[in-house]
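All chains should be modelled from the sequences, with the hints used to inform the complete structure.
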Amino acid sequence: MTEKDMQTLFSKHVKKYPLSTSEVYELKICKGTSLPFDALQEHQIKALVEAEDSGLFHKITDPPIFYGGQMRFNVPRPFDCMYLINVPAFVVLWFYKPRKPKIFIKIPIKSFLKCKEEAERKSITEQMALEIGTEILIKA
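13 is the number of the first residue of the sequence shown in my numbering; add one for each residue after it.
Calculated directly from the structure, the hints in this document are not laboratory data. Owing to the predicted nature of the structure, the values given are computational and were not obtained by experimental measurement. Heads up, the beta-carbon is just placed ideally off N, CA and C, and yes, glycines get one too. Nothing false has been slipped in among the hints.
Mimicking DMTMM-like on lysine to aspartate or glutamate, the simulated pairs with C-alpha atoms at most 25 Å apart in a straight line are:
| id | residue 1 | residue 2 |
| --- | --- | --- |
| 1 | 109 | 138 |
| 2 | 43 | 129 |
| 3 | 24 | 38 |
| 4 | 151 | 35 |
| 5 | 28 | 17 |
| 6 | 126 | 65 |
Here are the simulated distance ranges between beta carbons:
| id | residue 1 | residue 2 | range |
| --- | --- | --- | --- |
| 7 | 28 | 134 | 32 to 38 Å |
| 8 | 89 | 48 | 28 to 34 Å |
| 9 | 113 | 26 | 14 to 20 Å |
| 10 | 71 | 50 | 22 to 28 Å |
| 11 | 88 | 28 | 20 to 26 Å |
| 12 | 14 | 130 | 29 to 35 Å |
| 13 | 131 | 97 | 25 to 31 Å |
| 14 | 28 | 142 | 21 to 27 Å |
| 15 | 133 | 91 | 39 to 45 Å |
| 16 | 61 | 148 | 19 to 25 Å |
| 17 | 89 | 142 | 34 to 40 Å |
Below, the structure written as structure tokens:
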């Protein structure tokens, strides 16, 4: 399993069980017993916090254009750019265990950052994540 597989599972879940409000997510998969806090990179933290607070402008990258050939495998972009403000932001963790139920843990970004600041360790365990987040059972 990879983060790409997690993305596929999560997007299917959100489409099957749509929310009544907008949210933004950063997905992280952990195949061990804990995920380093630094797995969430500074630019990702900045973007999540900005989307939730002061506002985030994001330009969606256009796919490359190859003259003389047909474009394949490029999904059309829904629009050019977006501005997000006051949108709940989350880190979604998956402590992957082969042949076990797929349980993702949705943690508000500010709770994640507080945990990082107060933790006596450099990584977050599944138990720590469960204490500050919400379980999402992914049915695939």
